[in-house]
Amino acid sequence: ETKEETPATTPDTKAPAASTEEAAAPAETAGGDYHFEVIVKSFQSTYWQAAVKGIETACGELGVTANANGPANESDIADQVQMLNDAIQKAPDGIGLAACDTNSVLDSLTAALNAGIPVVCFDTGVSDAPEGSVVATVATDNKAAGACAATNMYPVIKDVVAAATADKPVRIGEVNQDATALNIQERGLGFIDEMIKLCTADGKKVAVVGNEFYVNNCSDKGDEKTAEVIIEVGVPAQTTVDLAATEANKIMSKADTIAIFGSNQTTAEGVITANETLNKLATDPAEGIIGAGFDAGTPQKAAINNGKLIGSVTQSPLMMGYKTIYTLVDVCNGKTVEDIPMDGYWYNADNMEDEDIAPNLYD
Amino acid sequence: MGDIILTMKGIDKSFPGVHALDHVDLEVRKGEVLALMGENGAGKSTLMKVLTGIYKKDSGTITYEGKEVEFKNTREAQDAGIVIVHQELNMLGHLTVAQNLFIGREFKKGITIDDKKMNEEAKKLFDRLNVDIDPKEKMSNLTVGKQQMCEIAKAVSFDAKVIIFDEPSAALTEAEIEEMFKIIRDLKKKDIAMVYISHRMDEIKVITDRVTVMRDGTYVGTLITNECTKEDIINMMVGRVIYEDPKTESAVPEDAPVVLKVEHLNAGKMVQDVSFELHKGEILGFSGLMGAGRTETARALFGADPKESGDIYVNGEKVTINCPQDAVKCGIGYLSEDRKRYGVAVQKTVAENTTMATVHQFMRGIFINRKKEAAVAQEYVDALATKTPSVDQLVVNLSGGNQQKVVIAKWLTRDSDILIFDEPTRGIDVGAKNEIYKLMNKLAAEGKSIIMISSEMTEILRMSDRIVVMCEGKKTGEIGIAEATQEKIMNLATREID
Amino acid sequence: MEKIKQNAFVKKVGFNRIILVLVMLVMYLSFGLLTGGKFFGMSRIMDTMNYVYFLGFLSLGVTFVIATGGIDFSIGPVMFCCALVSGYSFLTHGIPMAAALILSVVIGLLFGIFNGYLVAYWKIPPFIVSMASMNIAKGIAAVFTKTQSVSWPQSSDANGWYRNFVKAGNVPTGLIIFLTAAIICGVVLNKTKAGRYILCLGSNKEAVRLSGVDVKKWEMLAYVICGILVGIAAIFYVGAYTTVQPGYGDQYNNEAIAGCVMGGTSMAGGLASIGGTVIGVLIISLLQQGILALGFSKDYQFIITGIIVIAAVYADVSARRRKN
Amino acid sequence: MSKKTNFGKINGREAMVVGIIIVMVALFSILSPTFRTYSTFVSVLDMSYYIALMAIGVTFTLITGGVDLSIGTGLICYSLFGGYLIVHKDVPVVVALIACLVLSILIGALNGLLVAIMDLPPFLATLCTCMITRGLGSLLSGGFGVSWPSSLEPEGWFRKIFRFTVNGKVIPIGIVVVVVLVLLMNFILKHTKIGRYTIAIGSNKEATKLAGVNVKFYHVFAYVISGFFAGLAAIAYSATYVTIYPGSGAGFELDAIGGAIVGGVSASGGVGTITGAFLGVLVITLMKVGLPFIGLQANWQQIFTGLVLIGAVLIDVVKKKK
Ligand SMILES: Nc1ncnc2c1ncn2[C@@H]1O[C@H](COP(=O)(O)OP(=O)(O)OP(=O)(O)O)[C@@H](O)[C@H]1O
Ligand SMILES: Nc1ncnc2c1ncn2[C@@H]1O[C@H](COP(=O)(O)OP(=O)(O)OP(=O)(O)O)[C@@H](O)[C@H]1O
Ligand SMILES: [Mg+2]
Ligand SMILES: [Mg+2]
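Chains as they are written, first to last, in the numbering used here: chain W, 1 to 363; chain U, 1 to 498; chain S, 1 to 324; chain H, 1 to 322.
Everything labelled a hint here was simulated from the structure, so no lab data went into it.
This structure is a prediction, so every number in the text was calculated from the model and none was measured.
You can trust all of the hints, since none of them are fake.
Pairs of lysine-lysine, DSS-like flavour, derived with a Cα cap of 30 Å:
| id | chain 1 | residue 1 | chain 2 | residue 2 |
| --- | --- | --- | --- | --- |
| 1 | W | Lys158 | W | Lys143 |
| 2 | H | Lys319 | U | Lys474 |
| 3 | U | Lys329 | U | Lys438 |
| 4 | U | Lys136 | U | Lys269 |
| 5 | U | Lys372 | S | Lys191 |
| 6 | S | Lys146 | W | Lys197 |
| 7 | S | Lys123 | H | Lys205 |
| 8 | S | Lys146 | W | Lys204 |
| 9 | H | Lys209 | U | Lys56 |
| 10 | H | Lys320 | U | Lys136 |
| 11 | S | Lys217 | U | Lys372 |
| 12 | U | Lys371 | S | Lys217 |
| 13 | S | Lys193 | U | Lys387 |
| 14 | H | Lys190 | U | Lys108 |
| 15 | H | Lys216 | U | Lys117 |
| 16 | S | Lys193 | U | Lys329 |
| 17 | S | Lys167 | W | Lys90 |
| 18 | H | Lys190 | U | Lys109 |
| 19 | S | Lys146 | W | Lys254 |
| 20 | S | Lys123 | U | Lys340 |
| 21 | H | Lys205 | U | Lys123 |
| 22 | U | Lys136 | H | Lys209 |
| 23 | U | Lys190 | U | Lys108 |
| 24 | H | Lys193 | U | Lys116 |
| 25 | H | Lys321 | U | Lys261 |
| 26 | H | Lys216 | U | Lys72 |
| 27 | W | Lys158 | W | Lys280 |
| 28 | U | Lys340 | H | Lys319 |
| 29 | H | Lys193 | U | Lys123 |
| 30 | S | Lys146 | W | Lys221 |
| 31 | H | Lys321 | U | Lys146 |
| 32 | U | Lys116 | H | Lys209 |
| 33 | H | Lys205 | U | Lys124 |
| 34 | U | Lys442 | U | Lys329 |
| 35 | U | Lys56 | H | Lys193 |
| 36 | W | Lys301 | H | Lys169 |
| 37 | H | Lys169 | W | Lys254 |
Given only the sequences and the hints, what does the whole structure look like? Please build it.
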């Protein structure tokens with residue numbers, strides 16, 4: 001797991017344009033009275049508050065300043081584009097960006113490139129970014145993080161899965177907030193694909209049902225009729241907690257459901273909410289449904305402590321924010337930088353207090 | 001005759017563009033019924049509304065029981081013992097009769113309303129007044145007459161010292177009017193003072209003690225009912241205004257062609273098997289009491305409301321009229337009785353209203369030719385002597401009579417040959433009224449044919465060449481003007497249909 | 001004060017509208033000064049304009065509906081539905097870009113017909129109709145796109161030429177198109193038969209019907225015009241912001257309606273001003289942009305917009321009451 | 001014509017809605033075995049609480065001939081405010097609940113002021129307060145989402161108003177609370193001055209004024225009731241769900257208004273019952289919860305909601321024509 005505080009200074013393979021840009025920019029001293037603009041997806045969830053906290057910490061340590069802003073809602077794409085444009089107008093020394101939508105920011109990234117402002121993406125990478133505009137990406141590998149949930153869940157349900165037959169299949173549920181955001185998509189598919197892999201490795205036939213996107217994009221959607229393990233994916237009509245809870249409820253109500261995964265804070269809380277009525281979640285598959293979540297927040301932490309969820313995957317928003325600033329300062333100082341992949345950490349009742357986990361478990 | 005209970009002195013009230021009350025005086029005594037008379041728009045209702053705090057007076061004094069008073073709202077007036085039965089019905093259709101009766105002063109049981117007691121009290125009241133209405137009935141299900149009786153009963157149910165009846169009889173049948181008179185006589189015995197507003201001369205003679213006459217927002221004088229004749233009152237009411245000469249015989253030649261023939265028209269309860277003919281150049285009066293179904297007949301004929309059956313012939317040809325467009329295409333125009341609601345778009349200009357039915361005549365390509373539109377509108381403003389600063393004036397700023405002229409102009413631009421005037425002079429002041437009469441006669445002389453629905457007997461007798469009388473949705477008779485008398489019409493209008 | 005109000009020019013333009021223009025200028029100047037002049041920059045202005053275009057088309061559309069005394073708050077979701085369905089058809093079903101653009105307008109038109117028909121012919125209250133069609137638009141968009149967001153091509157893409165409608169190089173083509181559309185709307189509303197009947201029936205529908213006018217047709221037409229403009233708004237939205245997500249779009253209803261009524265269009269119908277709508281939209285966009293540029297959260301924008309609309313409408317209502 | 005048909009009309013509508021509910025439940029149960037479980041029943045109820053409470057309030061404004069569009073964002077605003085006080089200011093839950101209600105009453109009074117005293121069109125005035133409460137909610141909570149105490153913590157007692165567990169069995173006590181409130185408000189609408197004048201205002205405001213009723217007061221009061229019930233709905237929402245996010249809530253009001261209209265409340269005033277509105281809300285919630293169960297992707301529920309709304313009003317329109 002990559003835990004270095006400073007990025008590796010490997011040979012310059014990426015972003016040559018950025019470094020030349022930087023060289024052209026008026027030279028600043030290393031101590032750096034740099035100013036950065038940071039744009040997050042929104043301030044709605046505590047996840048982003050944690051990211052901002054990391055940014056502030058890094059700024060304090062490095063003696064630079066940063067101004068964080070974000071739209072009211074993760075779906076306010078237009079607002080975020082305007083914010084990004086405004087940030088470019090302010091001609092900061094660098095921009096940190098967590099893009100709500102990866103396509104709508106492309107024009108603005110070109111503008112940033114033309115203005116010679118380096119951009120570090122965090123949380124979400126912008127894969128189609130114009131060459132040289134994004135100098136580095138600090139993001140969780142969502143596919144791996146989703147798979148991480150599957151890997152940790154599978155040992156618990158292994159026996160039940162093993163006992164499943166085509167006549168009496170078992171069902172594993174997954175609730176995804178939407179089918180639009182790249183990171184949710186990757187996470188959801190990461191979980192599904194890993195689960196398929198694990199089950200097939202044990203000689204089980206798997207089918208994926210439910211939301212069309214996930215069904216069509218997973219590694220193998222299988223055939224529901226002959227499957228011994230069914231993975232059911234639910235996506236609410238809108239990203240509200242009540243509808244997320246309804247989707248979770250729908251899956252958890254089914255008699256053959258043995259496990260469920262909520263792939264972000266809202267949907268994990270949806271699972272917890274649904275359980276308030278169903279009271280089916282348990283840590284032992286013999287007693288009920290195994291639940292796993294994603295991200296942190298008070299309700300999830302409480303649920304893990306109370307044995308409702310067996311665990312959850314946390315990203316490190318704090319570290320992401322923190323490293324974003326460090327990367328930006330490095331860029332300004334003319335150092336070459338690289339993408340920093342962040343890991344998802346599996347946490348459960350046992351390791352929640354651990355030193356390297358606890359700081360990422362925001363409220 | 002009793003002591004004076006109420007004096008109004010020098011009451012002045014202006015609305016934008018209308019000086020509705022010009023230093024009016026009024027004196028009411030205990031135990032008397034004072035008739036308040038005057039043409040439409042004379043200011044009677046306004047005076048009573050000023051008294052009961054609905055309008056704020058501009059100047060003048062009101063003395064009630066020896067003290068100067070100024071009521072801020074109806075509630076204060078009620079509490080002081082002055083109640084009013086309004087000319088327009090003020091019913092709450094969604095509530096029951098009893099709930100309407102006691103609105104604003106419900107009986108209570110704890111914090112809840114005691115509907116049971118209200119129903120009982122209402123029943124008692126109706127029994128005492130000898131009216132047959134179920135207190136639990138929903139108000140909107142009653143006939144207009146019954147609704148009016150409820151309003152009267154409501155006024156009586158207050159422990160009032162002064163009761164004002166603003167045209168209570170307009171919607172009532174003869175029998176109901178008799179009942180009301182009984183109630184009034186009863187109240188008189190209790191020394192209650194009453195103001196009775198009505199246009200019906202006969203009623204005035206029967207029930208009132210004195211008559212105060214108003215004209216054009218001014219006080220004209222007061223007469224003792226027993227000591228004067230109808231003519232005296234009419235003279236005072238009409239004053240200097242000279243009406244068009246009343247018709248004594250039809251101005252339509254015997255062989256005038258039939259432009260409109262209606263056969264067996266049926267449209268709901270209010271229009272049952274109505275048939276009539278309209279000749280070229282004729283003014284055909286439609287008489288009857290309120291609720292007789294004349295408006296419904298006109299609306300059904302015009303296609304404004306759906307009809308069930310019936311044939312319509314225009315100039316001898318059978319036509320299908322399912323919506324107003326069809327009617328307009330047949331050359332029929334309709335002036336509704338409720339101008340504000342159905343006649344004009346008050347927030348639009350005179351010109352826009354004038355051309356409402358004829359915009360297509362003012363098109364230049366896809367654009368409206370505003371110049372031509374304004375010119376034509378101005379033409380009609382001049383021709384009808386509409387009082388408006390310009391054709392760009394918003395109609396809302398015009399007085400009722402002038403609004404009516406705008407509606408007439410609308411149909412004249414359309415060149416309609418058949419015009420239905422529904423209550424053409426309702427709420428229009430005396431001068432304007434006469435102008436509209438002149439205009440109607442002129443139109444008829446030019447060969448247009450007019451159906452005139454009117455609730456004013458004098459208007460019917462003055463204007464019509466022939467009179468159709470309706471009662472409860474049925475045509476009850478047809479009289480040529482030469483034979484027509486008030487009595488004959490009244491007879492037909494109140495005829496019980498077997 | 002009274003003197004100013006009586007001035008012929010002021011009377012013609014409308015006192016409240018002049019105040020609005022002043023409000024707008026003051027806002028612009030203060031945003032400019034507070035951001036250290038950055039707000040005055042050309043590219044900043046272009047950014048602001050991006051917001052003006054699509055919101056402006058929505059607002060123009062809803063002006064016609066409000067002029068009839070109706071309301072349509074399905075416009076935001078319908079706009080998204082247009083952009084999603086046509087964009088998805090382009091990306092997945094491979095229809096040409098030109099066809100996608102036309103499809104967007106056609107979908108708007110269909111919603112206009114649907115809303116207008118239900119309101120005018122079936123007499124269902126506009127409020128309920130738009131509540132229903134808002135749900136339907138969201139549902140259709142999500143079902144059609146399989147709840148995928150749709151990203152329209154970038155300007156660098158071969159099919160990105162549609163973005164020239166928004167901005168061609170440094171030429172603000174969007175502004176030209178929007179103003180032309182506004183002028184056309186103004187002409188339609190004030191100079192044609194359709195506009196005349198729409199306004200008149202908003203003022204008194206029954207009177208117009210009894211004048212032998214086919215009010216149903218004209219009332220429906222208002223919704224149809226609105227639908228077309230919403231379809232165009234969708235193009236300007238994706239032209240500026242690329243991506244649309246299913247399930248959203250409601251946030252633009254309020255802003256579009258606010259822009260419209262702020263400019264003096266009466267919710268009671270019969271009174272509408274396209275010029276006022278344009279000013280209203282400019283104010284809303286300025287506010288949106290200014291607040292973001294100052295780094296405040298959008299919350300302030302909501303609150304300030306709400307208060308400005310209340311103030312503007314109250315001024316109109318009380319002026320009218322004083323007149324009567 | 002007689003009073004029987006009057007009564008019949010209202011009850012007829014309610015009976016019809018009950019019929020629709022039965023048909024829907026039957027249909028969902030046949031098509032999905034998992035639907036006919038106790039827990040689904042509970043989750044339908046769970047979702048119905050906050051919508052039903054909003055519907056109770058908004059029915060009062062609908063009956064005056066107005067509407068209240070601010071209840072949805074208002075709900076989130078109050079809930080955020082209360083949650084913020086608990087989480088960040090450490091106030092006891094009771095105080096937060098009271099703060100929630102006080103704020104809701106204030107916003108209701110603001111709506112009343114705008115509509116009844118300043119004479120603004122209700123749709124527009126409440127649209128503005130909708131925007132204002134949306135912004136206000138974020139500002140009052142510092143822009144952060146908040147989680148009210150969970151049912152496992154002692155301060156989570158307020159969640160037991162709506163749902164508690166006995167021997168692992170969930171008791172949806174909230175339905176009792178809501179039904180009691182529905183019946184109470186129905187009673188108030190039918191049998192107290194407040195209700196009587198609310199109907200009277202919707203029936204004919206001028207006439208009511210002429211009858212000497214303090215129309216302004218009762219008109220404002222209808223909006224206060226609407227605000228207050230949005231406050232109660234905020235409590236129900238906080239008690240049922242886990243985290244409250246700022247910026248959400250827009251659209252909740254449409255579920256409530258839609259429910260009321262399906263239940264026979266007229267959008268033009270004067271007509272409607274609270275029980276009807278409540279039953280209508282059940283239809284909407286059943287659709288939200290039930291459609292995913294029968295295998296229709298969640299998005300279909302929106303299309304169906306739209307069609308049901310039009311259908312419900314069409315019944316009235318057709319009836320009136322006859
Ligand atoms: N609210 C008002 N605003 C403007 N003008 C008004 C208003 N009320 C009455 N008027 C005008 O004041 C004048 C007097 O009206 P009023 O209703 O008092 O007459 P009236 O004697 O009661 O007539 P009628 O016999 O028709 O009832 C009329 O010209 C009328 O148009
Ligand atoms: N189907 C109906 N059921 C109950 N009441 C009705 C019905 N149709 C009409 N009415 C009432 O009766 C009245 C009918 O009056 P209408 O206007 O037709 O009569 P009219 O002869 O034209 O009288 P006027 O013109 O003097 O009012 C209406 O005001 C309405 O309130
Ligand atoms: Mg009068
Ligand atoms: Mg009539």
